[in-house]
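Colleague: Residues per chain are reported as follows:
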Amino acid sequence: MNPALLSIKDLKVYFELRQGLPLPWREPDVVKAIDGVTFDILEGEVLALVGESGCGKTTIGKTLLRLIEPKAGIIQYRDQDLAHLKGVSLRAMRQKMQLIFQDPYESLDSRQSVFDILAEPLVIHQRVTQKKDLQACVFEALESTGLHPAAEIAQRYPHHLSGGQRQRVAIAAAMILEPEFIVADEPVSMLDVSVRAGILQLMLALRHQKNLTYLFITHDLSLAWVIADRIMVLYLGKVIEIGPSDRLIHAGTHPYTQALVSVIPSPIPDRSREQIILKGETPSPVHVPEGCRFHPRCWKFQRLGSPKECLTQEPDLRQVAEGHLAACHFLD
Amino acid sequence: MNATAVPASRPPNLWVQVWEIPLGRAGIILLGIVLVLSLVGPVVFPFNPKDITSTAADILQPPSSMHWLGTDELGRDVFRETLVGARLSLLVGLLATAISITLGSIIGLLAGYYRGAVGITLMRVTDFFLVLPLLPLIIILAAIFGQSFSITIMVIGLTSWPSTARIVRSQVISLRERQFIERIRSLGATDLRVIAVHILPNVLPLIYANTVLVIAGSILSEATLAFLGLGDPVRVSWGTMLHFGFVAGAAGRGAWWYLLPPGLGIVLVVLGFTLAGHTLDQLLNPRLREF
Numbered sequence: 013m014n015p016a017l018l019s020i021k022d023l024k025v026y027f028e029l030r031q032g033l034p035l036p037w038r039e040p041d042v043v044k045a046i047d048g049v050t051f052d053i054l055e056g057e058v059l060a061l062v063g064e065s066g067c068g069k070t071t072i073g074k075t076l077l078r079l080i081e082p083k084a085g086i087i088q089y090r091d092q093d094l095a096h097l098k099g100v101s102l103r104a105m106r107q108k109m110q111l112i113f114q115d116p117y118e119s120l121d122s123r124q125s126v127f128d129i130l131a132e133p134l135v136i137h138q139r140v141t142q143k144k145d146l147q148a149c150v151f152e153a154l155e156s157t158g159l160h161p162a163a164e165i166a167q168r169y170p171h172h173l174s175g176g177q178r179q180r181v182a183i184a185a186a187m188i189l190e191p192e193f194i195v196a197d198e199p200v201s202m203l204d205v206s207v208r209a210g211i212l213q214l215m216l217a218l219r220h221q222k223n224l225t226y227l228f229i230t231h232d233l234s235l236a237w238v239i240a241d242r243i244m245v246l247y248l249g250k251v252i253e254i255g256p257s258d259r260l261i262h263a264g265t266h267p268y269t270q271a272l273v274s275v276i277p278s279p280i281p282d283r284s285r286e287q288i289i290l291k292g293e294t295p296s297p298v299h300v301p302e303g304c305r306f307h308p309r310c311w312k313f314q315r316l317g318s319p320k321e322c323l324t325q326e327p328d329l330r331q332v333a334e335g336h337l338a339a340c341h342f343l344d
Numbered sequence: 019m020n021a022t023a024v025p026a027s028r029p030p031n032l033w034v035q036v037w038e039i040p041l042g043r044a045g046i047i048l049l050g051i052v053l054v055l056s057l058v059g060p061v062v063f064p065f066n067p068k069d070i071t072s073t074a075a076d077i078l079q080p081p082s083s084m085h086w087l088g089t090d091e092l093g094r095d096v097f098r099e100t101l102v103g104a105r106l107s108l109l110v111g112l113l114a115t116a117i118s119i120t121l122g123s124i125i126g127l128l129a130g131y132y133r134g135a136v137g138i139t140l141m142r143v144t145d146f147f148l149v150l151p152l153l154p155l156i157i158i159l160a161a162i163f164g165q166s167f168s169i170t171i172m173v174i175g176l177t178s179w180p181s182t183a184r185i186v187r188s189q190v191i192s193l194r195e196r197q198f199i200e201r202i203r204s205l206g207a208t209d210l211r212v213i214a215v216h217i218l219p220n221v222l223p224l225i226y227a228n229t230v231l232v233i234a235g236s237i238l239s240e241a242t243l244a245f246l247g248l249g250d251p252v253r254v255s256w257g258t259m260l261h262f263g264f265v266a267g268a269a270g271r272g273a274w275w276y277l278l279p280p281g282l283g284i285v286l287v288v289l290g291f292t293l294a295g296h297t298l299d300q301l302l303n304p305r306l307r308e309f
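Taken in order, these protein sequences are the chains called A and B.
Counting from 13, one number per residue, gives the positions in the first sequence under my numbering.
Counting from 19, one number per residue, gives the positions in the second sequence under my numbering.
Next up, chain A with everything else stripped away, as it sits in the complex (with noise of 0.2 Å):
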């Protein structure tokens, strides 16, 4: 196994929801948008970070990339703690990660000409001087994203080119500083779905040329499975189950995955298939439920007979295999 180029431990993101005057006996709100999360990400692998809208899945990806604070954790990258990097040395360490968005036509700047988007990041860290060697930049950089001819491209703002084209403008703009690290946040699912698979083949191929290693977020756990190594699954702020994709599709533990599981759409309907469909509406992570924090919408517990631990114990991730964690008082 390749060795961990993000090693984080216990990441905490808190936002204090603001609410009337800060009086002292009053104690704010508080969304415990990330609870206590500790993963790798290991070198050259896609991981799959997949959960439920609002389960903090973008939290995680910008707060790795510092866009958002954390409240407590260690981020660390190789040798660096990024959650403590400040100034101009968290300046420099953005050009080893970049991150592209769901939606295209919000992450461009609309005033900005291709040629501008993509010059930017190198001008920002001053990689090129040369007005000439620029061009070459950012011609080359468009070339590699499949957007021809680059000289044409490269005059037209964003308004003028599709959801697919912008998309490989984006992902053109993050490859451009040759990052090591890319956080993918849903980076198909606005697109169309013609469009989908060639964003994606563009994505996998730029990473075993240019030797990458992605946080695909996304909500599809399908998709996860045809195009991560691994996956994680994101409860309410907090990991339930991590896995080599092939072993959590087909052999997910917590009851969480293998709900979300039994729900993919299969080419060959299958009516013995039994689906779980999950009830009731993912809890506010302002008030956690107590105990194991799927415990409301769990169908293993009412199966079980509403077991004592459940309620009071919030289970601990535990390996089921090599590589594979789960967190549940009741794996198989």
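By construction, these hints were calculated from the structure, which means they are not laboratory data.
One should not assume that every hint holds.
Here's a subset of chain B near chain A, in silico, CB distances under 7 Å, partners left out [as the list claims (entries may be wrong)]: (1) Gln197; (2) Phe198; (3) Glu200; (4) Ser204; (5) Gly206; (6) Ala207; (7) Ala214; (8) His216.
Even for Gly, the Cβ is constructed at its ideal location relative to N, Cα and C.
Put chain B on the given structure of chain A with help from the hints.
Modeller: Showing chain B alone in chain A's frame:
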């Protein structure tokens, strides 16, 4: 390398767009007339403030072929005085606006971008200036520094920036949450770069529209202050004309020709800037834009 090129498909000229709207066109025409008169007028019809009459018969005379708009309480030609007065009124309006918009934009940008302590402090300062009354302030300052043209400009500039700051801030707050700003930050851009290259161009239209409205307000403030006798006593503006006319009893003596021209001048200029400003605002302010 130019990092902030103008999008190719952007409408070519904003003033052309304003021209297309009847109210905006009326504003531009009004402003054009006043501007030409104030620039060319005093050259063609020079005014000498020291050209004071020695005979009482020339004082506050009604319009005649010699004096198109009559004479003032010192026997000077009101028509020529009005043309010169336009210059000072416009100048004070423009300079005070320059101070106001610069301060307001910078503080709005910073208060919107830096939330937390910096933003809160800046907004409290803004609130303080927002409630600072214009009149007592200028009376005190005039008492300390003497009445002058630069004090008037400063006071108007210092009391009118908060509204700009608030408008700019609210726009910056929504901009800074946009994904493209987050993407630029994740590239490692400095705050200065994010603000100057990405946020400022996006709030510039708003500042632009606001400027025109602030000019109207500043001209009106200058006239108010000068009318109350707090203006620069040795320079002629529309406000000081109204002041001296009032003091000389022009109203009581029915000398309408002394009060009407500067009064009408103020009304027309303020109307012109307001019409143009509201039209610009409608075109540029994302909250008022109708789609």
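Colleague: Does phenylalanine 198 of chain B pass the interface hint, meaning its C-beta sits closer than 7 Å to a C-beta of chain A?
Modeller: Phenylalanine 198 of chain B check passes; min Cβ-Cβ to chain A is 5 Å, inside 7 Å.
Colleague: Taking the least C-beta to C-beta distance, is glutamate 200 of chain B closer than 7 Å to chain A?
Modeller: Holds. Min distance 6 Å.
Colleague: Identify whether the interface hint at histidine 216 of chain B stands, where standing means a beta carbon of chain A within less than 7 Å of its own.
Modeller: Holds, because the Cβ-Cβ distance from histidine 216 of chain B to chain A comes to roughly 6 Å (cut-off 7 Å).
Colleague: Does the nearest C-beta of chain A fall within a distance shorter than 7 Å of the C-beta of serine 204 of chain B?
Modeller: holds (5 Å)
Colleague: Min Cβ distance, glycine 206 of chain B to chain A: is it shorter than 7 Å?
Modeller: holds (3 Å)
Colleague: Taking the least C-beta to C-beta distance, is alanine 214 of chain B closer than 7 Å to chain A?
Modeller: violated (13 Å)
Colleague: Close enough to count: is the Cβ of alanine 207 of chain B nearer than 7 Å to one in chain A?
Modeller: holds (5 Å)
Colleague: Measuring from the C-beta of glutamine 197 of chain B to each C-beta in chain A, is the shortest one below 7 Å?
Modeller: holds (4 Å)
Hint violations for this structure: number 7 only, all remaining hints satisfied.
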